[in-house]
Amino acid sequence: MKLLEVSGLSKSFGGVAALANVVGHSIEGETLGMIGPNGSGKTTFVNVVSGHVRADRGTLTFAGVNIARMRPHQLAEVGLCRTYQAVRVFSELSTRQNIENARLLLEDRGLGAAEVRELTEWLRLDRNLDKQAGSLTLFEQRRLELLMRLVLKPRLIMLDEPVGGLAVTEVNEMITLLQELKARCSLFVIEHTMRVIRELADRVMVLIAGEKVADGPPSEILQNQRVIDEYLGNAAHA
Amino acid sequence: MTSHSQYGIAAATLVILALPFLLAGNRFLGFVLGMTLISLLWATGMNLLSGFVGLMPLMFAGIAGIAGYAMVYFTRTAGWSFWLAMPVASLLAAIIGVALGLPALRLKGFYFTLCSLVIQSVLTLAFIFFPKFTNGDTGINEIAPPDWFGGTALTGVRFDFALAVAAVAGILFSTWLTQTHLGKKFVAVREDDVLAESIGIDVVRTRITAFFIVSLYAGIGGCFYSAYVGFISPRAFDVLVSLNIWLFVTFGGRGTILGPIIGTAILAPIPFLLQDLQAFKDILSGTLIILVTLLMPGGIYGAWLKLLSRKRGREVQTTQVREQGV
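Protein chains in written order, with the numbering used here: chain A, 1 to 238; chain B, 239 to 564.
These are computed hints drawn from the structure, not numbers from a lab.
Incorrect hints may appear among the rest.
[Claimed, not checked] Derived Cβ-Cβ restraints for the label pairs, each shown as a range:
(1) F518(B) to R124(A): 58 to 64 Å
(2) K549(B) to E211(A): 55 to 61 Å
(3) E230(A) to I333(B): 55 to 61 Å
(4) P535(B) to E173(A): 36 to 42 Å
(5) K549(B) to R69(A): 47 to 53 Å
(6) E118(A) to L420(B): 25 to 31 Å
(7) F518(B) to E92(A): 36 to 42 Å
(8) L529(B) to L138(A): 34 to 40 Å
(9) F266(B) to G134(A): 48 to 54 Å
(10) R69(A) to P535(B): 34 to 40 Å
Keep in mind it's a predicted model, so treat the numbers as computed, not measured.
For each residue, glycine too, the CB sits at the ideal point set by N, CA and C.
The following block holds chain A by itself, in its conformation from the complex (with noise of 0.2 Å):
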């Protein structure tokens, strides 16, 4: 079943088009990888489909309803979720405060304190509920950023370069963890680490200059020519 849908979706800041016409679909359960150079409308994209920003054109539809003009939180509500490119917490928060204030949402409908808390677990938090949030690693604010998503019992998740700014090892330890993030839901990632890319998406969409330029398997993109002319070069290719 075709989770998120976009057709001709376009976006112009002053005369620079950062999305062109971009038609792209997602399916439920599937990782939909998206790859592109620095500037070539990811960010918008994200930001176009979660409710940051209003396309100037095109259709946008989640699990068949029409989201087009639906604000983030109303996103969120029916499921679909983002995390940002610069890790965004409630630094000034505790770790446990920063999980409540996504619970504010559903509330009653919510997960169980169990469910929280296995999940918690699950990412390694359980340790620093008590912490400031803007005192943990990157790599604890970007596991609390998945964990507040996930009490929110999204159906896909947009993740924009979850491993940037990661050291080597912490880079393996998320991978496994959105490998296992799979079974929950849908996922949607931005990254310009191919390994990533290789090893989780089931399929890949390529962004050139806010175009769509290539969507398929990722073994297929990597070996495109026009991808690796444009993008993945001879170094990033290996």
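With the hints as your guide, set chain B onto chain A.
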């Protein structure tokens, strides 16, 4: 909420309720107390927005003014009892406040403040240019004190005590409110509105709700002020009044319940006690605004809390070191 701040609030409540009787012998001090209690009610309300939601509403005094003038209109022209006019006028002021503030409530931080300044200026002008309701620049004098049972009027110590009850009710309500889900949303919106929105909090609606509640505080305080002082003019509800209340909140410690109580208790009586130095009092509050903004962003109580947590942090560190056997 930590247990020590709960004790603090309970203690402050008792002191506030006892003070009118302790100062009953001296009418001048009783009046200073009454004015301080009205300021306390206002500061507690302002704190909900400027401390918990993170917006600085400079039209606060203007909204209090709408309620004050409306209350006088209802009691004088329509012949209502103060106790009916006060809630109706406050509700009216809150509705007008939200309607005026609606466009501004989509903005954040500095932009909201600027917008609120414009709204305050418009309200001040409105008070001058609608003399039918406000008697213009001259103001309205001889406003009757609230009526009381048996045809008597609420005056003297009994009025002071009524103000103490109102202030305590305001403090207890905001203590309760900040513990609710709505109160948690306030803090989330203050800390990061983009993140709050993306984890499902309707930021604009949260701000509007907060602003409505805060406007009710402004309105109720405005009605009590008018009846207590017996004279109102546009000057009584101008931007300096908003700034002064903001100063009480920030000086004491915004975003805490005890902070505004401390700030108001220290600063609100000063202009009355320094009455011979009229020119000096505006200079003093101006200087304090600058100093507080620069040196004490957390206010007195905020600085105290920081000190406590640093001390506790050190203790934790020492026990950890001890456990590691260093």
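Evaluated hints:
{"no.": "1", "hint": "F518(B) to R124(A): 58 to 64 Å", "in the structure": "holds (59 Å)"}
{"no.": "2", "hint": "K549(B) to E211(A): 55 to 61 Å", "in the structure": "holds (59 Å)"}
{"no.": "3", "hint": "E230(A) to I333(B): 55 to 61 Å", "in the structure": "holds (58 Å)"}
{"no.": "4", "hint": "P535(B) to E173(A): 36 to 42 Å", "in the structure": "holds (37 Å)"}
{"no.": "5", "hint": "K549(B) to R69(A): 47 to 53 Å", "in the structure": "holds (51 Å)"}
{"no.": "6", "hint": "E118(A) to L420(B): 25 to 31 Å", "in the structure": "holds (28 Å)"}
{"no.": "7", "hint": "F518(B) to E92(A): 36 to 42 Å", "in the structure": "holds (37 Å)"}
{"no.": "8", "hint": "L529(B) to L138(A): 34 to 40 Å", "in the structure": "holds (36 Å)"}
{"no.": "9", "hint": "F266(B) to G134(A): 48 to 54 Å", "in the structure": "holds (49 Å)"}
{"no.": "10", "hint": "R69(A) to P535(B): 34 to 40 Å", "in the structure": "holds (39 Å)"}
When held up to the earlier numbered hints, the structure conflicts with none and fits them all.
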